[in-house]
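Q: As they're listed, the protein sequences go chains A and B.
Each number in our numbering comes from the position in the first sequence (counting from 1) with 18 added on.
Each number in our numbering comes from the position in the second sequence (counting from 1) with 230 added on.
Read the hints as simulated data drawn from the structure, not as lab findings.
Incorrect hints may have been included.
To be verified - Covered by chain A, according to a simulated footprint, are these stretches of chain B (three or more residues, beta-carbon under 8 Å):
(1) 260-272
(2) 329-336
(3) 385-391
(4) 405-417
Every residue, glycine too, gets a C-beta built ideally from N, C-alpha and C.
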Amino acid sequence: MSATTITSSASSSVSRFAPALLSVFFGLFIVGFVGFSPMEVVHNAAHDARHANAFPCH
Amino acid sequence: MSVFRSLVFTSVLVGLIVGTAVTLAQFLGTTPLILAAEVFETGGAADGHSHAAGAAEEGHDHGNTAAAATQADDHHHDADAWAPADGFERNAYTFVANVLTAIGFALVLNGLMQISGTESDWRRGLIWGLCGFVAFMLAPGFGLHPELPGTPAAPLFERQVWWIGTAASTAAGLALLFFQRRPWAAALAIVLIALPHVIGAPVPPEGEQALAPEAMSHRFVVVATLTSLLFWSLLGALSGHFRRRFEA
């Protein structure tokens with residue numbers, strides 16, 4: 019009985035945290051790609067946005 | 231709706247709105263300054279965008295002053311690389327970059343709000359957004375302020391490391407301040423916020439001068455900071471508002 023309660027509360031906290039963490043990492047990946055990519059083509063495309071958002075540029 | 235889907239849905243919607251608003255603000259504020267600075271960067275060589283094909287012949291030359299010559303090492307671009315043409319195409323890519331940046335930061339912000347378990351409404355979202363402004367604009371910008379093209383700077387990689395370290399350390403400090411009510415946590419938070427500035431941002435090599443006038447650089451810092459304030463307040467408030475609606 020108590021084991022079931024623990025399992026269900028653990029799984030509900032996992033179901034809340036796991037997608038949220040995934041969202042955080044996914045977001046950081048996108049920001050990293052746009053703002054920090056060393057690829058010249060990505061840099062040139064995002065150039066003005068990088069400068070305006072104060073990401074280190076050039 | 232599953233938690234992840236509601237986070238993504240909220241973030242994409244918020245990103246589209248914020249990206250559009252910020253692109254408009256940049257179009258009026260920062261972009262004209264960047265274009266004006268590029269005229270200095272190309273030594274007045276006419277056609278504006280130094281990364282465009284026009285710069286290819288001169289190999290991204292900054293003119294023949296000694297300062298500019300040393301700077302060229304650090305500031306070199308592959309002249310063959312593709313770049314959007316000035317005008318509509320360039321602004322379109324800026325828009326895409328802004329929307330993606332906004333979606334990315336919205337995913338981070340919404341994910342963290344979800345983890346913190348705080349209730350979600352526009353006011354709480356706004357406070358989260360302002361913390362984002364402090365962590366991702368004010369703190370890194372204090373050491374490495376927003377730069378016009380042609381501003382002397384330390385090697386890119388060092389600046390990127392310091393920038394990311396400062397944002398992470400400031401965000402951790404703010405999280406401690408908000409979520410831990412003990413004195414040691416507040417003390418540690420202050421240390422975390424101060425530490426990157428005690429270490430110091432990477433400085434540009436000595437003897438180099440910015441190509442654009444000082445007044446223009448200063449104006450750019452102010453306008454970029456204000457644009458970022460708009461970005462983060464909208465991002466936070468809209469995230470707080472929409473996340474509640476899309477919650478399962």
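Q: Taking the hints in turn, state whether each one holds.
A: To see whether the hints hold, each was checked on the structure:
no.	hint	verdict
1	260-272	holds (count 3)
2	329-336	holds (count 6)
3	385-391	holds (count 3)
4	405-417	violated (count 0)
When the structure is compared with the earlier hints, a violation turns up for hint 4 alone.
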